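Chain residues, written in single-letter form:
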Amino acid sequence: MVKFRFPLLIALAVFVAGLALTAAFKDRHYMLLSLVLLAAALVPLFVRLERRPLESRELVLLAVLSAVAAVSRVPFAALPSVKPVSAIVILSAYVFGAEAGFIIGAVAALVSNIYFGQGPWTPWQMFSWGMIGLTAGWLRHTRWMRSRAGMLIFGFVWGFLFGWIMNVWYIISLPEAFSWQLAAAAYVSSFYFDLAHALSNVFFLAILAGGWTKVLERFRKKYGLLQQE
Amino acid sequence: MNGGFRSVHPSVALLYYAGLLLFAMLLFHPLYLLTELTAVAILLLLQGQGRPLLRGLPFYLLMAGSVAVLNPLFSHRGSHILFYFLDQPITLEAILYGLMMMVVLLTLFIVFISYNYTVTTDKFMYLFAAAAPKSALLTLMAIRFVPLFQRRLHQITLIQRIRGIDVGTGNLRKRMRDGMTLLKVLLTWSLEEALQTADSMKARGFGLRKRSAYAIYKLDRRDVALLAILAVCGLIVLGGWLQGYGKIEIYPRMKPVQFGGGEATCFIGFCLFALTPLWLEGREKWLWRSSQRNVYLSATPIKTGPHLMSSRSR
Amino acid sequence: MNEGEFVVLLGPSGCGKTTLLRHLKRELTPVGTTAGVIRYKGQLLSELPAESAAGEIGMVFQNPDAQIVMDTVWHELAFAMENMGLEPAVMRSRLAEISGLFGLEPLLYRSVHELSGGQKQLLNLASVLLLQPKLLLLDEPTSQLDPVAAREFIQILHRLNQEMSMTIIISEHRLEEVLPLADRVLLLTGGQLRAEGTPRDMVRRVGEEQLWPHLAYLPAAARLFLALSPDIDRAAEAPVPLTVRDGKRWLQETLPHLAALERNNGKAATGAQEAGPHTQPEAAVMSCREVTFRYRKDGPEVLKKLSLSLYPGELLMLMGGNGAGKSTLLQLLAGLAKPQRGKVEMNKGLTAGYLAQNPLLYFSQDTVQEELEHMAHYAGMTEQTAREEIAALLGVFQLREVLQSHPQDISGGQQQQTALAMVLLLKPDILLLDEPTKGLDPGAKEKLAALLQLLRDRGMSILIVTHDVEFAASYATRCAMLFDGGITAESPPERFFGANFFYTTAVNRMVRDWLPEALTVEEVARTWSNSVSRS
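Chains as they are written, first to last, in the numbering used here: chain H, 1 to 229; chain B, 1001 to 1314; chain G, 2001 to 2535.
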């Protein structure tokens, strides 16, 4: 059974991808295709995690950060649309690198949806938060991210990008109606939420970038791990 | 609470839900979609999950309903123009397409409610671990931490209020900052303790060799049979879909719906696929009810006797 | 170390117990320079195959929560076996075995966060045992447990040792139960082995040599023996009593003066009464009247019409079983939660300071100094007064050397003191402490008691919630028992424990036939020397 697992999974993936392409080209039905593309973006990064040897400390560190990101909505329950998840993912990636950032973002999305309910949005959230972590990790050594303003702009931009990506799966359900007006309508309707997200990112990064990076740096030394890259 | 469809092997449940999602996205035919929607809704009711269904419904209707409204407003293809709205033609085809999309979205939502109830975290993780053991372990650990952290966060909130760090008071700026301070306390504390977690993992031999997996689920003969039924029916439907069944064309003009022999085979396969869990759930319900009736009649005749009499005298 | 031995490590916090245990567990050997060799079964520990090093040497740590990795009980149990790559069938049968041994079957499918602390620690032990270790290392495994759970845990260790001949090395502060089971005791101080021997030898050596500071580690029976034995013929070489049963037998056999004691006993009791604190109710500084509380609307009532008063200058110790609602009551008194019915009243102008069980909850800054300054700032002090206040507190708590350390990096006792100092910056008139002695070694406990005395001298009234019977008996001015959501007994410690049969100090259980109100070794010794000098 174990022997056949990987060929079986690959065969299944190819099969579903084929179906998705057929549906997309024959019927202009893009939902399935979008999921396949998402999976194609997410899977290689998870495969990397599977492939490399993992110390127990690394694993625990990633799990703790994901879980903290997942419960971070709790203290702000009283303040609507203030969610520090993105800010936490950015800071973690800033300290621990792109791969860790991606994993923390994606797992945080998956885990928090286990408590808030899975839905068609789960893979999209995993993708968005994962990408926030990934990009923040990639850029962490650039002068741009090192500067305070650069990091704030990064958080602001991702606040909107996050909302836009989340709009995609909704727009995709209307392939026939696709037009710039429709996209504009969707983005206008979500503008308030995206703005709140972007501003809270900026705020969180502004006030706590110092405090949190200090804590994370301290533990990076203490764990003595994840320094490569 | 583990009877009926919840008692099947996780792989059966996953195949079923994966199939439902796939068909909801592939089959563009009102008959199929409505069948699937009804089947899952009835399954939820049989499983006693009417309440979560009702609770989520307004949100889902809003999401899905907006699609039905937006499509005719932005898509002007189609040959039957009904009227003009703000100088834009509103076509019958666009309205029908929007309605179809609404049903697709509703189906997806409801399938997920049922999925959340049937495929519990344990089961999902069991399957996930088979494909990606390390990611699954990481996710499981995060899942274990979440309730622990929630409890800690509650304590921290309580205590930090003593020193004025409180999300409940002050202006927005202060409240947001205090919320993050609370999270920072949680983070520091948890990372500190997690070092011990890592030690305890290492002490128990983590990372020495390839991990094996302990499973509490057993694939029994019923599960194998179910897998076979679902697979065969699913393949029939997919085969039919490749032949061009199970979809209707709305654009550029609606074609009359034909229902021939091939279409019927495809639909029957689909019904078998969608309704199998209902049969399991219903059979179990019926068995319990009948066995309950038997027990009451045979084991406690004396008790029921006077009760019956009193009710009769009333 | 021989196979099948039960070895107890003791010594003050920071003496190197944990470091020693970690050296015995290869995977966890701390970073640093190491000299000397450790052999396991004649083989160098560092040359042992990795799998037998992990499997045959098992280790259980202090904190029950931090060791758990998985979310359900069965998965946590399987975790260790999965690491070793065992076959599913093997895992299943081992799991069945251990569930039977520990009675874990009803818990198997529970989520781990529903378990109590004792159950969690048991789960940790079981998970380690599933690898079938030959040597079990335990690092203060009961320090975070309540007495009932701790006793159960130690009983299980005893069984493993007796029935499986498992070698056990345990470090402990709570020796009342462990010491009688030990084959050998090692006393560590400052990273060095000070003494070694059987428990009975150890008691004698503590008595004879200059090891008096470590007296507090011995069980009550042994301490009583040492306290009274100068007057007794020590050459008689009577076996040193370690348990309450032996202690009582020893008292009966070797004390010819018992009759005299009994005669004096009435007098001693009245003496204690006179010396006792003001039990006559004057105006209470804080009181709650018929308080009822539940956490959720449909939850059970944690407190039921509870009434309790705290009087000026007293040290009230509140006891009760696990989950009796002690901590809840404290939070209500501190104003952190509101009762559904009843009233918590405090005298006008007074404030209460609350110290929770876990000092980590109080920290949010990067150094101890910043913590204190932040708190002083919040308390509304000017910089000048803040500096003075902090300096004064640092003097009292002896925290000066850790001022620039991160609060997470200092010892547990220091963390508690820092948190207490932070609470004191708010200038409370009433102090509410939740289990302050948990996990402290005897030396730290004495320090805490002295501190509490100092605070009382300054006019503070203190309410402590605790499981620690010995601590309450030694230092409380009044004790109260919380049971089933209400206060069932409330009196000065002599009468409180004198009236109890089971829930009392070990000393009292030994001497209660003669001195029903004597609770500590010191009291017995005092009465004893009185009666000896008189006769």
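Don't read these hints as lab results, they were simulated from the structure. It should be emphasised that the depicted structure is a prediction, and the values quoted were computed from it without experimental measurement. Each residue gets a CB set at the ideal place from its N, CA and C atoms; glycine is no exception. Mixed in with the good hints, there may be bad ones.
What the hints assert, rightly or not - Distance windows between CB atoms, simulated: (1) GLY117/H with ALA1225/B: 30 to 40 Å; (2) HIS1154/B with VAL47/H: 35 to 45 Å; (3) TYR115/H with PHE1083/B: 40 to 50 Å; (4) GLN2404/G with ARG51/H: 37 to 47 Å; (5) THR213/H with GLU2163/G: 48 to 58 Å; (6) TYR115/H with SER2307/G: 32 to 42 Å; (7) ALA1131/B with GLY117/H: 17 to 27 Å; (8) LEU2193/G with GLY117/H: 50 to 60 Å; (9) LEU195/H with ASP1087/B: 26 to 36 Å; (10) MET1063/B with ARG52/H: 34 to 44 Å; (11) TRP144/H with LEU2193/G: 57 to 67 Å.
Hint check:
Judged by the Cβ atoms, the range 30 to 40 Å given for GLY117/H and ALA1225/B holds: they are separated by roughly 31 Å. Between HIS1154/B and VAL47/H the beta carbon distance is about 38 Å. The supplied range of 35 to 45 Å therefore holds. The supplied range of 40 to 50 Å is met by TYR115/H and PHE1083/B, whose beta-carbon atoms lie about 47 Å from each other. Range check, GLN2404/G to ARG51/H: about 43 Å between beta-carbon atoms, so the 37 to 47 Å window is met.
THR213/H and GLU2163/G have their C-beta atoms about 53 Å apart, which keeps the hinted 48 to 58 Å range intact. Look at TYR115/H against SER2307/G: about 40 Å separates their beta carbons, and that is inside 32 to 42 Å. ALA1131/B and GLY117/H have their C-beta atoms about 23 Å apart, which keeps the hinted 17 to 27 Å range intact. The hint said 50 to 60 Å for the Cβ distance between LEU2193/G and GLY117/H, and at roughly 58 Å that hint holds.
Checked against the hint of 26 to 36 Å, the pair LEU195/H and ASP1087/B passes, with Cβ atoms roughly 31 Å apart. Remark: the range hint 34 to 44 Å for MET1063/B to ARG52/H is upheld by a beta-carbon distance near 40 Å. At roughly 58 Å, the beta carbons of TRP144/H and LEU2193/G sit within the given window of 57 to 67 Å.
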